[in-house]
Amino acid sequence: MIAIGRIVLIALGIAFVYLGAKGTLEPLIMIPMGVGMAAVNAGVLYLSATTMGTIFIDPMVSDPVKLLEILQIDFLQPIYTFTFSNGLIACLVFMGIGAITDVGYVMMAPFSSMIIAIFAEMGTIVTFPIAVWMGLTYKEAASIAVVGGADGPMVLFTSLILAKDLFVPITIVAYLYLSLTYGAYPYLIRLMVPQRFRGIKMDLKGIPKITPGEKITFSIITCTILCLLFPVAAPLFMSFFVGVIVKESGVKPFVEFLEKTVLYGSTFFLGLLLGVLCEANTILNPKVLLLLVLGSLSLLISGIGGIIGGYVMYFLTKGKFNPAVGIAGVSCVPTTAKVAQKEIQKVNKQAMILPYAMGANVSGVITTAIIAAIYVTLLR
Amino acid sequence: MKKILERKVYWIAGTIVGLTGVAAVRLIAPGLSGVMNTIAMISGYVLSLAGIGIIACSAKDRAIIMKNEWQKVPETSQSNGKGPE
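First to last, the protein sequences are chains D and X. When we follow the numbering used here, the leftmost residue of the first sequence carries the number 1, and every step to the right adds one. When we follow the numbering used here, the leftmost residue of the second sequence carries the number 1001, and every step to the right adds one.
Source of the hints: derived by calculation from the structure; they are not laboratory data. Worth double-checking, as some hints may not be accurate.
Once the Cα atoms are required to be at most 20 angstroms apart in a straight line, the calculated SDA-like pairs of lysine to any residue come out as [said to hold, decoys possible]:
no., chain 1, residue 1, chain 2, residue 2
1, X, Lys1008, D, Gly265
2, X, Lys1008, D, Pro208
3, D, Lys318, D, Asp203
4, X, Lys1008, D, Ile220
5, X, Lys1008, D, Thr211
6, D, Lys318, D, Ile221
7, D, Lys318, D, Val333
8, X, Lys1008, D, Ile221
9, X, Lys1008, D, Gln195
One chain only, chain X, in its complex shape:
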């Protein structure tokens, strides 16, 4: 369970950050006025796009984990073409 969570952390975090941004733009900002409205809007857009960026990073992170695991496996099994179990 912990391992699954570790591997999905980017997906979950990215989605939460992205949706928080959407909430800031669509739910919080309309209730505010003046400078606060602008701040909420801009931070909402930035958060949403950052969320997409975090999700995009998930695959790169997985590759790094896999590469590290691969390096831990003894050389003989690598030469046999077997990857990490």
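Chain D with its partners taken away, still in its complex shape:
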């Protein structure tokens, strides 16, 4: 059975590389992940099916003496032990995301951004009781529910703390679906938002210009308050806001370091390690099918919630807000914002909503971090 599982995973890895290179799936994650997946399963195909660990990595080793031994044998073990187990890789990705994020978009339309982001968390909240009802423990249910926030590093961070045994399948499910949002969310927009609503032009003249000083002050105060409120997620908040502040302070060497080396370096190793962790022994778990269903459900409900938030804003502004912006509340920065803009421009070429969509997008990152922090605080 394990051998068949490994052959299937080799084929899946090759498919990921192909679809990533073609652009159907997110290439930044899927190419290294696919290569890792195919290589690890091929490498261990003729090894024992009963022992955990591979010639690449042993994710389940916890005994300090054995760990020290493995660190000198498995070549990817040092990266796994020193960046995955402690959540460093998620924080590094978050620093990079911070460095490419403009909080000015939230500050120019704070009310609409926050309303939409709160509605777009519907999936992370509603999926939790559904997952418990389907037989997952509270910790596992919370970890898979966070997929609805559409934030890869957040899912990794939460599942590493709450459901370490399932963090590999949960994170893979998350990244797999995140790369599919680009393909699936346009259909959801078309289904829920009729053409006449999608064509609504939004006011861009009243948008205030936010100074870097204001962005830095907002970021440092928000970071401090959030760290005081949710200490368990303080590393994530710190990582995100340090990226934002470095960007706004204009220290070019740091900005380039964070948005290129740190972001792309950590994304590459995240993809590669996730692929290598997809060894049949680790991933073939009866709960994986359940996770696949719940992950997609969570993202779907979040997308629906976001569009409902868009409609709420439409009614509050008496028809001046384009409801399709709501999808950007799902915080897959900047994919969902781009999806919204693309769909709207198909109907009305002059309609520009990207600043509002980015505001909802960045707010979504913050609200997802808050929800993840609440889960971790309550369930750890």
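Could you slot chain X onto chain D? The hints should help.
Frame of chain D; chain X shown alone:
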């Protein structure tokens, strides 16, 4: 001084509201039990997030003030590309 305070009112109010919320969650709630604890916790979280919201509103408010000031300036100076002093 009054003008500076007017322009910073959102920042100051937001920070005070946010930190009051933190105090409710971290200092007041642990000393209470039962329903009072839950009430203090929830109101603390809501206050903190409201504080962040108030701070976020500061820039929008500044833009509205600037827009009003801009409209007060005679048309000739606007056409010369000069904004409000």
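Hint by hint, where does the structure go against what was stated? Just the numbers, ascending.
Hint check: 1, 6, 7, 9 fail, others pass.
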